[in-house]
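Chains as they are written, first to last, in our numbering: chain A, 1 to 304; chain B, 1 to 313; chain C, 1 to 334.
No lab work stands behind these hints: they were computed from the structure. We put the beta carbon where it would ideally sit given N, CA and C, even for glycine. Treat the hints with caution; some may be incorrect.
Distance ranges between label pairs, derived from CB positions [stated by the list, open to error]:
#	chain 1	residue 1	chain 2	residue 2	range
1	A	103	B	7	21 to 31 Å
2	C	42	A	103	42 to 52 Å
3	A	190	C	278	41 to 51 Å
4	C	106	B	295	21 to 31 Å
5	B	126	A	80	24 to 34 Å
6	C	19	A	17	37 to 47 Å
Okay, here's what each chain looks like letter by letter:
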Amino acid sequence: MTVFMKFRTALAGFPRLALWIVAGFLFLGLFGPWLVPHDPLKQNLLAAGQGPGLVHWLGTDHLGRDTFSRLIAAANTSLVGITLVLGIALIIGIGLGTLAGYRRGWTEEAIMRVTDVGLAMPSLIIALAMIGIFGTGYWNMVIALALAWWPSFCRVSRAVAVGVMNKPHIEALRVMGASPLRIFFVHLLPTTTGSVLVYATADAGGPALSIATLSFLGLGIQPPTPEWGQMLVDSLPYLEGDPRQVILPGLALTLVVVAFNFLGEAIALNRVPRPLGRRLLARRRAEAAAWGRPPTGLVTGEKA
Amino acid sequence: MLGYVTGRFRNAAILLVLASMLCFGLVVSAPGNVAVLIAELRTPGATFAQIAEIEEELGLNDPLPTRYWHWLSGVPEGDFGISYKTGEEVGAAMARRLSVTATLLGGAAIFACLFSLAMGFLGALRPHGVVDGLTRIGALIGASTPQFFLGAMLIYGFALKLGWFPTFGDNQGLRSYILPWITLGMLPGCVLSRLVRVGLEEEMTRPFALTARAKGLRRNAILFRDALPNVAPAWLTAFGAQCTAMTVGSVVVEPLFAWPGVGAMFLQGVQFRDFMVVQAGLLIFISFFILLNLAVDIAVMLLDPKLRRQGGR
Amino acid sequence: MNAVYDIRDLTVDLYTRSAAVRVVDGVSLSVAAGECLAIVGESGSGKTVMSFAPIGLMPEGVSVGLSGGAQLAGADLIGGEEAALARLRGREVAVIFQDPMTALNPARRIGSQIAEVCTLHLGLKGAAAEARALELMRLVGISDPEARLRQYPHELSGGLCQRVVIAMAIAAEPKLLIADEPTTALDVTVQAQILDLLRDLRARMGMAMILITHDIGVVANAADRVAVMYAGRLAEVGPVDQVLRAPTHPYTRALIDAIPRPEDPVGSPFRGLPGMPPQLAGPIGGCAFAPRCPRATPGCATLRPPMRAVAGTPGWQAACHHLTLAVIPKGAAA
């Protein structure tokens, strides 16, 4: 099977709508900045507070900036942010987790203790504390959130690593003389990375919400760079008169997070088989009916 | 069992000490010179001499352990130092705000608890049916909606347009509690409802559910009397985690509804880099988390008959 | 015939995502009051489905199609509503399961689980239900019942758990007791106790019993009649003594043959049966056992053998084309 077809069957079990939304988000996030009809940063006080129209499809905010363009640009901000946070968190988490699963013993104990503490703390608190001490700023936010997210990746990769280490082929590799480094990088790491990546994509909604929440609090993405949470808080004072500017960024964010969460649920496979749908059931019934039944009396054998 | 409980308390105490060290360590590693900030606060355009004076006064030149002990010994009396921004006593300010935050958290937690049990159970009554599908989608959307967005929408719809509730403040009695409670409790409630729904479905596939059906019990009765008690420990653990998350959520919800709580004060501390406030808030939050985990651990142990007899092992 | 449980040409089709499967294919049996019928077969022979499907005890989410006739104490089971079936369960028919430790709810006390049945079917509430639960526990031989009332399943041994399950089953004095491999998960010594208990209760209450098992020893010990199933069909049914001593169906014969005997020399190979049972799918043409049968002839693969009486003994039948040709087994009634 070609790579494309393999990809398609792999995605076959997933809810279509969610996939499309995520694809849309990725597309807009990547190419949005080149596709926007207006400059998202350009203010025009004369055109402030407009409703949807021909020029500004979704209207303008209180500073006259085109809302549609800002929403799309914010997708880019989100995507970059999520990628950075997850990327750093994955590197730390997978690295430490695989190491813990590989070495066991004291190393594992130490790493997992720290992981446990990290898991017990809500992500936002760590970010808030760090921003409170070290100040706002893009990289402060990214690093703070990455520090909040790595523990869960660490735990998953350790579990996977332990599972792989228990498999017979690792023992065989050792006997054949493979060096520890080789086992670690060639055999362990790819497996743990693969598992955790799947888990991480399902979890992508989390950093999206955190970035938006921090921006809402004025501690994340600073204006004028557009970001959904920040757009929402900027428009909050005008809620009564122009709710649109609050609703639109909120909806955009919710939509993307819903899509990611939907995918995440689908990934956590249903362990209980669901009953057959009506059509399938009818088909099976017809199948069985076509067999007929054994003629009566054939098998009752009452009298010889 | 007593051994388990005392062990848990001991762990919690150790964690509390570690947390205090963490909070302290975080603040002393802050860039910049605190003495400068305070000097500016007292007399703009302070001189080096004044700054040095303040450094002595605050004990900034003492070795770290001394400073740590100095700070820690003040905590039990509620002395968390002076806010660098407002100059008032942090401890006293926090104490005033505790009851506000407690009201917010308590109500939201109860809402999340009842909501999750109701939604999850409703869905499980007829698996894969219409109600189940609707509650599933509803829970998914609810778990993905940012709390600040939900709050803004609730304010717009029910306070501004319909006028049923005040748009902000906590001084109009029960009416002013409703929207903040829902805003804070909805997301955790939806997350927990998924857990209940999936958990119930799993429990219904277990052998004891078949036994119950063989006894002649109806499905709904089995769901309630047999499946639900088995879901309880997992739900309780998750509920504890969600309460932790809600505590942090107060940092968003309190400013949104203009409630003068600990979260709002902590947020201001972070926004203005008021280290003493950040330190105090962090310590209060983390201590609360540790105690909450302790309570949940003990409750789960009491709930699960196997753990109860074996003393928690 | 005062049959408590009577099934005629029962056919059970299982509807799965990939295909429809015929799990039970035209089985007819009956059990009289006070009688114990053992149903023997390998895993996948349909013995459990045959007993559970008519009373609506298939696992959650599994779709089945039932046809034929099934009657329990005069009531029609096929085509009945779930509500009607639920009313029969526990009251007219009760079930005891293979693994007693998991059959009980780990989060509830023993007393509560037994009393629940008393409340549901006997209308007893509170203290009265508890009293009846104590009675039942004594009846099934549980020592120190007052203490056991408040205990949880994980505090009891396997044998004790099984007694609790039995107590729950007989609470409403059902007419039929279905025992699905009740001793498989227990120690050998406990097995004998449980079987004795079941026989005792049967005699006391005049209950009919269906005993599903793959253990011939249990059959010999506890059953009056035995039915042998293969690939969802009935191979042979008859009085235990006759069938076990002189099996007529080749499959039954192989089963009995396979049991090691004291006179076998040490180190001799097992007398197994070559091949595997057929993968269940649609109905099998001809005799299901033909591919593995030493007696098979070409005709066996095309024509399904009807149940024929054996050697003129009433109640003894086997489904084999070559019955009449087989040598009359020694020891059988003339």
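Now for the hints, and whether the structure bears them out:
1. A:103 <-> B:7: 21 to 31 Å: With a Cβ separation near 28 Å, residue 103 of chain A and residue 7 of chain B satisfy 21 to 31 Å, so the hint holds.
2. C:42 <-> A:103: 42 to 52 Å: holds (48 Å)
3. A:190 <-> C:278: 41 to 51 Å: At 42 Å between Cβs, range holds.
4. C:106 <-> B:295: 21 to 31 Å: holds (24 Å)
5. B:126 <-> A:80: 24 to 34 Å: Check failed, 44 Å falls outside 24 to 34 Å.
6. C:19 <-> A:17: 37 to 47 Å: Given about 30 Å between the Cβ atoms, the range is violated.
In summary, the numbered hints that this structure violates are 5 and 6.
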